[in-house]
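Visitor: With chain A fixed as given, assemble chain B onto it according to the hints.
Protein sequences appear in the order of chains A and B.
Residue numbers for the first sequence follow our numbering, beginning at 1 and rising by one.
Residue numbers for the second sequence follow our numbering, beginning at 1 and rising by one.
Hint data in this document are derived by calculation from the structure and do not stem from the laboratory.
Keep in mind that the hints are not guaranteed to be accurate.
Treat identical chains as interchangeable: a pair holds within one or across any two.
Here are the simulated EDC-like pairs of lysine to aspartate or glutamate, each with C-alpha atoms no more than 20 Å apart in a straight line [stated by the list, open to error]: (1) LYS349 to GLU481; (2) LYS58 to ASP34; (3) LYS92 to GLU120; (4) LYS26 to ASP107; (5) LYS510 to ASP107; (6) LYS144 to GLU50; (7) LYS79 to ASP267.
Protein chains: 2
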Amino acid sequence: MLINQSMVDKAESLMPELISSVAEPKAVVDIVADESAFQGWRVDQAVDQEWKEKVLGKGDSFILDFQDHLVGYIRLRIKPVGSPPDAPLKLKLTIGEMPCEIAEPFDTYNGWLSSSWLQEETIFVDVLPAEIKLPRRYTFRFVKVDVLDTSVKYKVSFEEVNCTAVTSGDVSSIKPLPDQLSEELALMDRIAIKTLQDCMQSVFEDGPKRDRRLWIGDLRLQAQANYLTFNNHDLVKRCLYLFAGMRLPDGAVGACVFEKPHAHVDDTRLYDYSLFFVACLYDYYEASKDMATLQELWPIALEQMEIAAQRLEEDGVVRDDETWWSFIDWHPELNKQAPTQGVLIYCLKQGLELARVLSESDKQQYIESLIERTSAAAVKHLWDEEKGFFVSGSERQISWASQIWLVLAEVLPAEENATLLNRLFEEQPAIGMTTPYMYHHLIEALFTVGSREKALEQMQAYWGEMIKDGADTFWELYNPEDKKLSPYGSNLINSYCHAWSCTPTYFIRKYLL
Amino acid sequence: MLINQSMVDKAESLMPELISSVAEPKAVVDIVADESAFQGWRVDQAVDQEWKEKVLGKGDSFILDFQDHLVGYIRLRIKPVGSPPDAPLKLKLTIGEMPCEIAEPFDTYNGWLSSSWLQEETIFVDVLPAEIKLPRRYTFRFVKVDVLDTSVKYKVSFEEVNCTAVTSGDVSSIKPLPDQLSEELALMDRIAIKTLQDCMQSVFEDGPKRDRRLWIGDLRLQAQANYLTFNNHDLVKRCLYLFAGMRLPDGAVGACVFEKPHAHVDDTRLYDYSLFFVACLYDYYEASKDMATLQELWPIALEQMEIAAQRLEEDGVVRDDETWWSFIDWHPELNKQAPTQGVLIYCLKQGLELARVLSESDKQQYIESLIERTSAAAVKHLWDEEKGFFVSGSERQISWASQIWLVLAEVLPAEENATLLNRLFEEQPAIGMTTPYMYHHLIEALFTVGSREKALEQMQAYWGEMIKDGADTFWELYNPEDKKLSPYGSNLINSYCHAWSCTPTYFIRKYLL
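Next up, chain A with everything else stripped away, as it sits in the complex (with noise of 0.2 Å):
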């Protein structure tokens, strides 16, 4: 890998300090199987509210909900009753953001991703009572508390259990809402902002479940709806001298960064992923006016593009294969090919308008060369005239993330653009959108064409059936028809509270205020 330590040490020296907060336990709950409830479980009221003094001995449990989305440490409090305990007392915990993850036994997960991101814990208490404050981080809404084994001389009852949450993200910072906007809206913004919220850690996480950690993909996003809401810009500028500090052998900028034991870049290598450096940049940039950050960090931005320009075939056209080359979506049978040269493109504008800021003329004049060959290209090989619409891959795949983005780049005149999405619309490619990720793309192209009730009611329609399907925070993945979806093989491993879900705080207080 390619180290710079000073970039390094700048990223470490902008370490925020968490804000920390208890939360308590709200309410006990049965959570029962209903087909007609979101994933197939239903919350229910327990009958009986108590819990604390409960006495509970062997296979005895009861389930807490939070009624809050959660990051943080769980501590409990816990007293032996009857005789002085004679054994230890051996306690399962399953933490889970979502229903299924405490209806659902884990032990039946077959997915690819490690079943290690399952929350739970095997505890064995050897004195009590005992006050346990577990050294992990959980992210969740629920905690089933399971006593799997006292003696017969003596059970437990609990005398607390709660949560100190930790962010950096300030809520106070962030500008109250105009009273006229609608109460629809007013929570779709709140539930977007406490998902970016349980997403701010040290860094910006791509979810606080799983993966918990950096990826520039989800980064974008996230300080996007950040500069409008938290606005901390700190974080940012920590997450571009990460990304910037430490890059791949060829200078590529990795797809994601580990921050322990010592911060690192994972291998994983995504073209769209490194060109999103620049658009970064540019964002950053354009919310701090930080011209320091914007001069050191430049080259490397520049770079991206350079690097971006060596996978162009002969005919200006980014070359395809069969490896997970672009991320773009998660959606198994979408070509990368024509969605990824309009990140490029996307990308290199913003580059351009960096490089005018920045008065390098030199660098303006080779990237607004890249940007005609790419855009010249797209239309030439990627549009389909008879069709109308942008073709990607030698199948000629038509999906709806090729059309978002290269509207999103702006290849076609404008007007074209707005046309093009409209017909998106009417005929509907069987190649759809599998994550709010691409939906955020979606929603951005259509604000930027001008169609504003179509954004709206696509907001509504995706993040507002979130919202009417029980988010606390928005999810990694939804399909609004297929609730179940998952792209790792269960929906138990899906993360509930991600990062590049939370952009509908962006698009209301950018676009509809």
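Guide: Positioned in the frame of chain A, the structure of chain B alone reads:
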């Protein structure tokens, strides 16, 4: 409970410093079903003896054999192999004294003691590389490491697994045995000492795996073995003060004491165990000649005899009942009346000696009259002249325990005691012995009546067989005829290093040198 704080404080001031030493695993083994092996499990050396640096992924495991019985703290050093770890490591450790604990799944356990004693941990490691010091103390020879999950992007390897073993028994203080002693007895002595050593912690524990606490029945035998080996008087004194400082409401000494979170006596009351406070004090004074402690604790010893006398019926025999009122042995059908009468007389005789040492003539008279009354009653009401055995309870049960304890009480003339023990072996009454604790008293009785050869033969037939069955330390329970015997419903939960089994070293060093 009846607390004498100054006695408790004295006990706490005698808290020993533990001696620690680091033990490394010696081999990688397979545990293989084999009906001819002890409890059906054979330990084979694994073909592949490499474990350090071996790359392990989901589903991989290995079993480390430390080739010694250990009590202490496990430390692991683990490093990732492959891409940067993008998910926690999920690890399971199964920790056992015996092969059965490693080979038989703990979820099959169905005994009546708490399953929380079974030594296992499921650990999530969020950051790699990691050095993990497990906070709980384990008692084991074998550790099975199961890698439950890593991720598709990385595996792990173990750089170190070791154990910091702890004890308050300083082996350097033990006198070597003379060369002429047989190898078999030298080995038995060594294993007995190791058993005692591993039980010597901040108190004399009954078993370092289970129950990990101070029982007075075990203490008495441990102290006797200790005086001839480690000769740690302070640890016995600490234990005596714990029992003396915290008693049951009527003044009776409790059966056992817990140390944490602060010293406290259990609510278990056993008639024989309360009386053993007298015997423990007698043995301690004999070994230490510590007059100050004898003087301070004498009133409590006297009180135990007074309380015991309250249970005598008018005929001078201790009252029987259906509850768990006296321990004697784990045999489920054993009637406790006659053997308990033996314990009473045995302890009264030691109490009388202490009264003489203290020149308490009034008390001497009181105890002498009690001895006369209970001894006469034993002969008159419990001795069945026709059968030639002591009988116990309303069903006039003939058991080994009754004969042994009434021989130890020396109720009959000396030559008749020897005859009675011979008759016991000839007629083999059905109500036999189930624990090394009861076997100890048989051997002690044999030595007492001068049957040195028979005593040695029995030691070889019992502890010698345990050695042949692979004992690294002597076991809580052993029946050469039923090797899976457990009074708890499963041999998984038996203690395989147990205080009351450590006495071969006492017999060898007291009677056989």
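Visitor: Please go over all the hints and tell whether each is borne out by the structure.
Guide: Cross-check of the supplied hints:
1. LYS349 to GLU481: neither (36 Å within a copy, 86 Å between copies)
2. LYS58 to ASP34: Neither: 28 Å inside a chain and 34 Å across chains, both beyond 20 Å.
3. LYS92 to GLU120: For LYS92 and GLU120, the Cα distance is within 20 Å both inside one copy (7 Å) and across copies (13 Å).
4. LYS26 to ASP107: neither (28 Å within a copy, 34 Å between copies)
5. LYS510 to ASP107: Neither. Shortest intra-copy (44 Å) and inter-copy (57 Å) distances fail the 20 Å Cα cut-off.
6. LYS144 to GLU50: Only inside one copy: LYS144 and GLU50 sit 14 Å apart there, 41 Å across copies, limit 20 Å.
7. LYS79 to ASP267: between (47 Å within a copy, 17 Å between copies)
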